[in-house]
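The residues making up each chain are set out below.
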Amino acid sequence: MTPNNKKTDYDVMIVGAGIAGMETAASLGDMGYKVLLVEKNSSIGGKAILLSKVFPTLDCASCIVTPKMSAAAHHPNIDPLVYTEVDSIVRNDDGTFAIDLHRKASYVDFDACTGCGQCEEACTVTVPDEYNYNLVTRRVAHIPFPQAVPKKAVIDRRGEAPCTFTCPGNVKASGYISLVRAGRYKEAFNLHLENAPLVGSLARACYAPCESDCTRCEKEETVHIRGIKRFMSDYYYDEHPEPEYGPVENQLKTKVAIVGSGPAGLSAAFYLARNGHQVTVFEAEKEAGGMLRTGIPAYRLPKDVVDRDIKNVTALGVEIKLNTRVQSVASLKEQGYDAIFVSTGASNERTLEIEGEDLDGVTGCMKFLREVNIGTAPSIKGKTVFVIGGGNSAMDPARSAIRMGAKKVIIQYRRGRDEMPAHDWEIDGAVEEGVELMLLSSPKRFIGKDGKLEAVECLKMKLGEPDESGRRRPEVVEGSEEIIPIDIAVLAIGLLPSTKEFTGEMTHKRGFLESDERTLQTKDPMLFAGGDSTTQPTMIINAIAQGRRAAFHMDLFLQEKPMDTPFDILLEKTDKSLVLDESKGFKGKDPVPQPTIPIAARKETFDCYEKVMTEEEARKEAHRCMNCGECSQCMECVSVCPAFCIDFTQRDQKLDFTVGAVVLSTGYEILDPSAKELLGYGRIPDVIDGPQMDRLLAPTRPYNSVLRPSDGKEPESIAIVLCNGSRDKTVCNPLCCRIGCMYSVKHAQLAMGALPMADVTIYYIDVRAFGKGYDEFYEQSKDMGVEYVKGKVARVTQLENGNMELHYEDMGSEGGLKKREHDLVVLTVGFLPNTEAFKLYKGSTNLEGDEFNYVKEIDPISEPGKTNIDGLFAAGAILGARDIPDTVLHSGAAAAQAATYLEKLETK
Amino acid sequence: MSTTQPVMRDMLEIAQDEFIMRDKILDVLKEEPKTILEIAKILNYPSREVTIWLSGLRRYGFLEEVGRADIDGYFKYELKEQEPEVAE
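Top line first, the protein sequences correspond to chains P and X.
Residue 857 in the numbering used here sits at position 857 of the first sequence, and the numbers go up by one each step.
Residue 75 in the numbering used here sits at position 75 of the second sequence, and the numbers go up by one each step.
A portion of the hints provided could be inaccurate.
[Claimed, not checked] Which residues of chain P face chain X? A few of them, derived with a C-beta cut under 10 Å, are:
id, residue
1, THR507
2, GLY511
3, PHE512
4, ASP516
5, HIS623
6, MET626
7, ASN627
8, THR907
What the hints contain is simulated information worked out from the structure, not anything from laboratory work.
We treat Cβ as the ideally placed atom computed from N, Cα and C, and that holds for glycine.
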């Protein structure tokens, strides 16, 4: 019955699928109108489905509400659209309405989800369960409640965790941290493999940009993410000296050559081999690993860890040809490779271009470290080592020299300590171990005798104006020359790419290979280039990230898929202020100190100076994670879902419709009784509110019985206190809630049924039993033994034994102030208007509210449900507090009003 | 009998502790069934918080109550037999 002369998608849109929304939808649907039923939660049913029973019949709420839910969900004329928010409603000139909506990403394919709940069981992040009014917890992957319609899981995601977002490889730090916290170490390791295969190396030598962006930095100190990773990788490698997997089953015929077995090459090999390609890695050195093998000293990265990391790659069938320097791309093409990835790194040393640089004893940091790492370094015992440079690459040779027994180790840097590009903790570590810093100093020339280095002449520097990098430019202090006797000079002033073999075959930019930033594809489509040979030398994780990126796009190329297929799809970075706000009052969590070997011992050994955390320490440190993104991306739900329906690529979806009429049925809010501070809610655990009591009494209750929250005891003496925050101007709510009396009588009767030995007392000013059968219901409770005390409760205090003492004014017998002890106190709370409804309508005229902030019914007697906007109706508690029978009745009226409007619209 | 509770921590803060406390509670229940108060005393955590964590464990099938509440109104909880993991 769509208005024929209007272009509408639906006859009517109903916003909110509680009792009123479902009832209105069913009425209109039965009349033949096409209805769009929009619900912001992932299930229809509203608050009523969470109730235990309904008054006065004590029918099971599920039995009353689920048929309505089912009818709304399956009605041929109703399209329910759950997990969807209305952004705007605007009335068109022709009387129809333009609607903008967005369907929230649930990260679950609703069509495939069977509602089995396995994702929820596997989920590793716990939050308060709002469907149980925060009495218990739920997981961020969850089905809201057992009777949900549709019974589909949704996953809460606030954004990408800053640690994951910041990591160049998008390694899901928050994910493996939550897995470690849950004691699932193998899963944590395997999750890491999805983004970076060289877990052990990163656990020791990554500069951990994730830690710099950790939200916990704003409170105490970053979560020591790398330390957790170290525990996780050591634990896994101890348990699994060999990888648990072999080559993938589905082997392809495509052959891929990778030049260079550094982190970029190994990473690319790993992901290509996982896709079934035949991968050969060519390595000029006698051992694989590139910089990991030769550029990082063993005290930071033991070589057996590199070996074990490489097994992750070779286990997939990747062949590494050692001692094989690739001389040209053409030679690889001739060998029949279908795609080539060049990742030769950047190990060529920059030079100072000063006098004496060719003397014996002047060396580059990579050469120095390489010799140290492969065991060919000459003895420097008792010698003075002079390292030039202020970056991390200066720290490695300096700290290595200390371990090799140098008499004196100096790091010379031309700017000040604050300007040093090395990480503070690296500099601190070097200084602690005995390295001297010579700041604001620069070498002028090396001085030697018989071709052998003997000294360095230095110039003092001062800082001038900032240069293009923003750092203050060092300027020479004239006449400040100084000669320092040294034995070895190590130049750590930067590295250049190792790409000379490919001159003429590949395009270069200042020596770096050129490839597309996104795909890493070069001008030759089969040729890809990445890692330090295409960028400035960076961190290991950058190179690993480039390898994975290259592998992804090489796979697209080899499988002839579109090259614009999106690579990592991330959400926006989580707004840290949201995380900090919600954790404002939380107790601080001090970091677990990183265990290290004593400084004196460090100087004598190349053993890793950082010790691994114990299991308890690692879990404790993981527990400091603030779950910034809500979902941690641990991917356990993906692993267990039998229907493969988890889809983290889902995004919010904008929708727009034109409808003939709109019915708002967004319900009400529940008053927070913590505003009545003296009554103890939020301060005394066994002071709960009415909705919480309903959950305790429901068959789907959060506990195994009706228990008090403080200690799981079945209460023996329950106090129900009426009118908390209703008819109460102190909380700006002068209205009677209309249902409190009756739902409290219901609570009393149900409690007596569930706990036959319990005493139940209702404290009241007056009891309003105005509906059909209500007075009988009230009288019945008296007959059952519910005690009614006419009195105003002023205060609830907690006794030493944990029970509560109610202080009330006796208004029913002898009068005066009285006290009585109970072991559970239920505060009957009222309704508040849901003012969100006013924001939905964005036409030129505002949707009118009444003096109590409910939506105003223009003429409740003759035209119920009609608002001041023609064609926009309202149903149920959005107009004022009402019980379920009244809501159902009112919904029928609103449906009739909407139908009348639609008829007029059609004949206009 | 419960003792006076300390300042109630925010529910989210308690929720975030659940995975750490889970193994501790399961460990305490290894020997014999216990009430929430007994568990709280052993772990030295507020019984309200133990109630919340224990409810989570019960919800996800790690433990269950034993029979009916005792004379004081407390249930004992015991570990629930887990289905053996299917080999991968």
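Exercise. Should the hint that THR507 (chain P) touches chain X count as held when the rule is a Cβ pair under 10 Å?
Worked result: 47 Å, violated
Exercise. Can we keep the THR907 (chain P) interface hint, with Cβ of chain X closer than 10 Å?
Worked result: With a minimum Cβ separation of about 55 Å from chain X (threshold 10 Å), the hint on THR907 (chain P) is violated.
For this session: Tell me if GLY511 (chain P) is really an interface residue toward chain X, meaning its C-beta lies closer than 10 Å to one of theirs.
Result: Hint on GLY511 (chain P): violated, closest Cβ of chain X at ~48 Å, above 10 Å.
Exercise. Any CB of chain X closer than 10 Å to the CB of MET626 (chain P)?
Worked result: 8 Å, holds
Problem set entry | Hint validity - HIS623 (chain P) Cβ closer than 10 Å to any chain X Cβ | Hint on HIS623 (chain P): holds, closest Cβ of chain X at ~5 Å, below 10 Å.
Problem set entry | Proposed interface contact between ASN627 (chain P) and chain X, which counts if any beta carbon pair is under 10 Å | Interface hint status for ASN627 (chain P): holds (7 Å vs cutoff 10 Å).
For this session: Return the status of the interface hint for PHE512 (chain P): holds when the least beta-carbon distance to chain X is below 10 Å, violated otherwise.
Result: Where the cut-off is 10 Å and the nearest Cβ of chain X is about 44 Å from PHE512 (chain P), the hint is violated.
Exercise. With 10 Å as the cut and Cβ atoms as the points, is ASP516 (chain P) at the interface with chain X?
Worked result: 39 Å, violated
Going through the hint list in order, the structure does not satisfy hints 1, 2, 3, 4, 8.
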